[in-house]
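From first to last, the protein sequence lines are chains W, U and R.
Each residue of the first sequence is one higher than the one before, counting from 1160 in the numbering used here.
Each residue of the second sequence is one higher than the one before, counting from 40 in the numbering used here.
Each residue of the third sequence is one higher than the one before, counting from 133 in the numbering used here.
The hints are simulated quantities; they were obtained by calculation from the structure and are not laboratory data.
All figures in this text were calculated on a predicted structure; none of them were measured in a lab.
Every residue gets a Cβ at the ideal spot worked out from N, C-alpha and C, and that includes glycine.
Check each hint, because a few of them may be wrong.
[To be verified] If you anchor each label on the Cβ, the simulated ranges turn out as follows:
1) W/Ile-1224 - R/Ile-500: 57 to 63 Å
2) R/Ala-286 - U/Lys-44: 36 to 42 Å
3) R/Asn-677 - U/Lys-44: 35 to 41 Å
4) W/Tyr-1245 - U/Ser-168: 40 to 46 Å
5) R/Arg-195 - U/Gly-103: 28 to 34 Å
6) U/Leu-181 - R/Gly-157: 32 to 38 Å
7) R/Pro-651 - U/Phe-180: 53 to 59 Å
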Amino acid sequence: MAVEQHILIFSILLFCAGIGLTLLGGELIRILIGIELMLNSANLNLVWFTPANAAGEGSTIALFILVISVCEAAVGLAVLLRVYRYYRTSSASEINQIRE
Amino acid sequence: MAPEKFILTLEAIALLAVVGIFLAKKIFNTALFFLTVMLCLAGIYGFAGSTYLFIVQLAVYGGGIAVLVLFAVMITGKKFKTNTFPVSIWNLLPAVLVLALLLANLKSIAPSAISERETDSVLIGNYLSDQYLVAFGFAGFLLLVAMVGAIIVAVHKPENHGR
Amino acid sequence: METILLPLGFYLSALLLIRPFKMIGLNPGDVASIFFLGSFFSLLLTFLTFKGNAMVLDLNWFRIAGTSINFSLSLDHQSLPVWLFVSLTGLAITFWSKYYLGKGDHERFYLIISLFMIAMALLLVSANMLLTFFAWELVGLCSYLLIAYNRDDAEAIEASRAALIINKAGDLGFIVALMVIYKELGTFGLSELQTSSGHWSNTSMTIAAAGLLTAIVAKSAQFPLHSWLPAAMAGPTPVSALLHSATMVAAGVFLLYRFNFIFPEDIRHLTGIIGATTTLLGGWNALTQRKIKALLAYSTLSQLGLMVMTAGWGNPEASVFHLVSHGLTKAGLFLMAGIWMMEAGKSTSENELEHLGNAGPKAKKSSIILLMLTLMLTGFPLSATFLSKEFMLSSLPATAPRLIFIVSSLLTILYTGRLLWYLKPFSGSQQEERFFSVKWASPILLTILGVWIFWNVNPLGSGSHLFPSVTHHPLSDMLPGVGIIAGSWFALWLLWNTELFQTIEKYLPELRPERLYLPVVMALTTALQKITLFIDQKILDGIANLIGYGTVTLAHLIGFLDRFLVDGFILLSGRLTKFTGSILRRPMNGQIAGYLWWTVTGLMLLLFWQWNP
Chain W
1160 MAVEQHILIF SILLFCAGIG LTLLGGELIR ILIGIELMLN SANLNLVWFT PANAAGEGST
1220 IALFILVISV CEAAVGLAVL LRVYRYYRTS SASEINQIRE
Chain U
40 MAPEKFILTL EAIALLAVVG IFLAKKIFNT ALFFLTVMLC LAGIYGFAGS TYLFIVQLAV
100 YGGGIAVLVL FAVMITGKKF KTNTFPVSIW NLLPAVLVLA LLLANLKSIA PSAISERETD
160 SVLIGNYLSD QYLVAFGFAG FLLLVAMVGA IIVAVHKPEN HGR
Chain R
133 METILLPLGF YLSALLLIRP FKMIGLNPGD VASIFFLGSF FSLLLTFLTF KGNAMVLDLN
193 WFRIAGTSIN FSLSLDHQSL PVWLFVSLTG LAITFWSKYY LGKGDHERFY LIISLFMIAM
253 ALLLVSANML LTFFAWELVG LCSYLLIAYN RDDAEAIEAS RAALIINKAG DLGFIVALMV
313 IYKELGTFGL SELQTSSGHW SNTSMTIAAA GLLTAIVAKS AQFPLHSWLP AAMAGPTPVS
373 ALLHSATMVA AGVFLLYRFN FIFPEDIRHL TGIIGATTTL LGGWNALTQR KIKALLAYST
433 LSQLGLMVMT AGWGNPEASV FHLVSHGLTK AGLFLMAGIW MMEAGKSTSE NELEHLGNAG
493 PKAKKSSIIL LMLTLMLTGF PLSATFLSKE FMLSSLPATA PRLIFIVSSL LTILYTGRLL
553 WYLKPFSGSQ QEERFFSVKW ASPILLTILG VWIFWNVNPL GSGSHLFPSV THHPLSDMLP
613 GVGIIAGSWF ALWLLWNTEL FQTIEKYLPE LRPERLYLPV VMALTTALQK ITLFIDQKIL
673 DGIANLIGYG TVTLAHLIGF LDRFLVDGFI LLSGRLTKFT GSILRRPMNG QIAGYLWWTV
733 TGLMLLLFWQ WNP
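Next up, chain W with everything else stripped away, as it sits in the complex (with noise of 0.2 Å):
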């Protein structure tokens, strides 16, 4: 198999757990962990899999993701600790029951 082949099958595994920790609604920090390995396996792409007359452009663009999901990182655990101070719990599912 073509290295090409098996990067994209990554890339997709990758991403698909990334949908499945987010949805699965458990831990909090799960949550973001499910965030950033989508964005991750969309960098993943970018680097790999940029056309002959953009050379170094998806790295560019990579870069700029990377940016980003550094600031969702940053605020989202901040927003969690805040949260884990309110509710003195982290799971969202529990949360989500002390509400009701």
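Got chain W; can you put chains U and R on it based on the hints?
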């Protein structure tokens, strides 16, 4: 060829770590598995010829975010409580559907033209200082805003809202 | 070019200059109103000199890997009248907000309203689908921020979150449409889409249209995703008037009009069915509400349903005319509800109809304006809504849609009659006020614009010269409409003071749709759960155990896995047996994951069904 085998190994490790993220009982281990996935990805970037991204991925994900996640885990999970809340496996159905759809269409989305695998640090530098200059500036600004926002959100003491 | 940029520039300056002007002592409300006024007049000037040629602005937005995306705006016969309407409504309501919000620091409110006006204008004039999507998202964000404007109100915060999440779930459909369109045509430009719409494959078109419809259903609060709109009434009244009755919720209808050419026949049918369901459900719900804002919200739902239904089965242009005429009237009604609540001394959260009728002295003007607006809402002859309703009705091709339309119009008359019955205009002690005050200017302006003369010289015509595809109908076609509306109002007037009204009123809240369909749903759910439990115990247990034991054995055999991995597998296979009950409760529990779950699953099934690239 040697690099191909390296890439395959890295992918296998990363996938095992992903399984670990799903199944780990301690949330601390989840963070460690996440770190593993990110390091493997950095390796794959290196083999793709993107040395710059390799280093950035190592520094940002391996160094920054993973440590941040570990901090969050340590602060929130003092008892290292396991995730015992019943979670329905049906929640995974959309992920499975997406997986099936993408895999079913794998052939049709296989790329045709792929650039030479060469070091692209110079290319990235050129793009950042030319075509994406404004975006680059905004990205820096965004990081600043996110940093200030994160600090305010995390540090700000709420006025007696706790239970 | 400057004709497009000037009005936008006014909004942008409002956004940027509110803070500096506040520092030198000017009220943010006044600053925003003045800029909005400038924007409105520059737009009016464009409108009066408009010759029918589209004014286009085409800038290179960004280039990625050789593909360039343009930042293109187009002010044409589609977007200009609607933008003028949005601009005017925005101006009127912003001006009125100063009265409603009262003393205190409301800079944030005007800032978000300015941002909303920019986003809404971009959404209307955008000639690039990607730009439309950005504006669409921005509008949703503003709605979220404005519903939760009062940060101490837990109910409002909850409602804002529901609105945001439901809209995000719908927006996934928009993204799918964007992906399919880009894959098929390699461009997002409106004009390119129009010229090449005949060339692309039928299945891609169906998927793109279905995705777009999902987004529209969420934003315009149509049937399966409608629950956020009544909840959104927890926000301040000016917000309900501007975003949640007149402009933002109608954006979906405008999109149906603008991208009409990508909607194939079957999706148009689906649109019609969704609209018909919403209009009947909304009308029925409005009839049973106890709060004035909830009643108006469900009435908005019902009217939006009419527009979407007509866009599906009839002429989308007619829906857009109704969007404009209904928007003016409903915004006015919300302002009147606000005035009524203020005069009765009630806050936003306690707006029960029963308490509003007898409390406090009423100004005679408020009674007159209220009566006029309620008549206009029902499409009374001589009003703009009459023209638009006739236009919509005459564009519907078949008997069944026409029947639904008429039933919905009758429901409108019933619930507006109920509103009047509770509010008791022209009763109680009269209070005299100055004619010109901040409070009255906006409702009066909106009421006057609802009169037929601004839209069509013929009071019993159909449609308006602003919307050129109007067909002329003989007077005899209009007479049944006149007869039905006038007759129903006459019947209501005859029954006004009889016992019958009070008796009906006592039982109406018991007839809420939920009361009737929830038992059915519950019975079905229980039956399904029993069936799945049976399958679970007889078949799945065996399989699950097999998987469980197999995993354990395998794990021991390989022997490299940690304890937690094995445990996890056992846990996972154990959970397999518990899934059946939980899937049925999934959509009802209001979790974020629940909405995402349904949308992703639905979109994926759609792609499986239709997509073969």
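A quick look at each hint next to the structure:
At roughly 59 Å, the beta-carbon separation of W/Ile-1224 and R/Ile-500 lies within the given 57 to 63 Å, and the hint holds. Hint check: R/Ala-286 to U/Lys-44, Cβ distance near 58 Å, so the stated range 36 to 42 Å is violated. For R/Asn-677 paired with U/Lys-44, a C-beta distance near 39 Å keeps the hint of 35 to 41 Å intact. One distance hint, 40 to 46 Å for the beta-carbon pair W/Tyr-1245 and U/Ser-168, holds here, with the actual separation near 44 Å.
Checking the proposed 28 to 34 Å range against R/Arg-195 and U/Gly-103 shows it holds: the Cβ atoms sit about 31 Å from each other. Against the hinted window of 32 to 38 Å, the Cβ-Cβ separation of U/Leu-181 and R/Gly-157 comes to about 34 Å, which satisfies the hint. At about 56 Å, the CB distance of R/Pro-651 to U/Phe-180 agrees with the hint of 53 to 59 Å.
In summary, the structure is inconsistent with hint 2 from the numbered list given earlier, while agreeing with all the others.
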